[in-house]
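Number of protein chains: 2
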Amino acid sequence: MKRAERMVALTEILLSHPNELLTLGFFADYFNAAKSTISEDLMEIKKSLRLTGRGFLETVPGAAGGVKFLPAVSKEESNQFLELLAETLNTNDRMLPGGFLYIADLLYDPAVVRPLGLIFASIFREKKPEAVVTIETKGIPLALMTADSLGIPAVIVRHGNKVTEGSSVSINYISGSSKRIQTMSLARRALGTGKKVLIIDDFIKAGGTAKGIMSLMQEFNAEVVGLGILMEDALWNTSRLVNDYLALLQFGDPSTENTIIKPKLICCVK
Amino acid sequence: MKRAERMVALTEILLSHPNELLTLGFFADYFNAAKSTISEDLMEIKKSLRLTGRGFLETVPGAAGGVKFLPAVSKEESNQFLELLAETLNTNDRMLPGGFLYIADLLYDPAVVRPLGLIFASIFREKKPEAVVTIETKGIPLALMTADSLGIPAVIVRHGNKVTEGSSVSINYISGSSKRIQTMSLARRALGTGKKVLIIDDFIKAGGTAKGIMSLMQEFNAEVVGLGILMEDALWNTSRLVNDYLALLQFGDPSTENTIIKPKLICCVK
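Going down the list, the protein sequences come from chains A and B.
For the record, in the first sequence the residue sitting at position 204 is 204 according to this note's numbering, with numbers rising by one throughout.
For the record, in the second sequence the residue sitting at position 123 is 123 according to this note's numbering, with numbers rising by one throughout.
Worth flagging that the hints you see were computed from the coordinates, not collected in a lab.
Each hint should be verified, as a subset may be incorrect.
[Unchecked claim] Below, in silico cross-link-like pairs of lysine-lysine (DSS-like), each with a Cα-Cα straight-line distance of 25 Å or less:
(1) B:162 - A:211
(2) A:264 - A:128
(3) B:138 - A:196
(4) B:35 - B:2
(5) A:162 - B:211
(6) A:205 - B:162
(7) A:2 - B:47
The following block holds chain A by itself, in its conformation from the complex (with noise of 0.2 Å):
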């Protein structure tokens, strides 16, 4: 096998197991080669990794060791595909009646949830989540994508009380804007107790469902390293019930602009 092929094969298997511990002895195997011509092809693939700005190739030493493919994007390539959802998110007659914005077509389709959950994981990385959790409906495409990016599980809260997954725990919640009293459970052994969490929300307005969420994570003792959130409503001027949080999207008042969806920009990706 030529060095070009090999280093073509070791880039397919990394970037198809993201986040996955592959040791220099599995690929010395796979392609029957010496260990340290991988390595000398694995310092050239993260070589490349940087300067495509595609993610990151961690080396873990030791005996156990190898190298792990940590997906990432760039900052600039972040900010130009925020300004073109947003370009989108402006166009093509979106505003419902009773000022909705209709954005679900956009949050279930892959070729724009893969690469918002690349910018959450991107920001997100280097608070060490081990788990995104998210409510449903919405917003589990974005947080699943996120997990993905991260290489963690996803956990799902459900509204209401009806988990038929073992034993649960509820909890009532006011939401912030309607300021109506609602439920929202989460299974026992969907989250081991003690982890650090990533919250993902596709919107926010008052915050009360995110503030909900931060409530049933401390029945779990988890700690929320982050909260990430697709579009935050501009028009709500009175305090939000959470307030450290980071928002990709504005939604400014259709009545006065003509631009009501903002791109925020993004300063910490790496």
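Chain A is fixed; fit chain B onto it per the hints.
Relative to chain A, chain B alone:
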């Protein structure tokens, strides 16, 4: 830039843009190289992908042409993965009171649903579906990952009639096992008319839900080109409301069998 470096970067770009048409001109500009050089590199990558079984490089000829990376998984890797998954499901005290199997943690774990989506995509790609349809909640990650591997959007049917996404279509259906009348609905604009759709769900018992989704699809003049189910209930011995489906796992009788979950051999992954 050396050839090996360029080929690694090419592979990175292709694999991180699955199902997206990338032109020779784009690569020629990116690498500041002749189109003929890029073309040779792509031929090598195409060969390598065939060897590792990670997917295909589809060449689209003509002025607007280019290449597309179509993710796939080999038959061996599919069967291996399903056997491992069945083994996991048979351990860890997963049987809940009432005969339910606890599986939500796996259904929300990208490390599980990403390969499963890839398996469904490999099976159903030749049917050329234009959207993957499922019903909330547990089947969403599976459907999304299938859609991602196929490069098409997912469409999520909601329970009840609570869609706030403009005008919607609702149907009543009878859950085949519980015999209760239920409602499912889908926003009009969630799915264009006359599309080819692939239905994906996590579980089939009597088939009432699947049949309900199929009726709903008729309202959109959609053609159902496939029905992929993660697990079929082998305890259901009367006839099902739908028969033309493909299941990856089988759920047997906990009272008479030691191995409750069995993988079904996948015949047709290319």
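Quiz item: Any hints this thing doesn't respect? Which numbers, in order?
Solution: none
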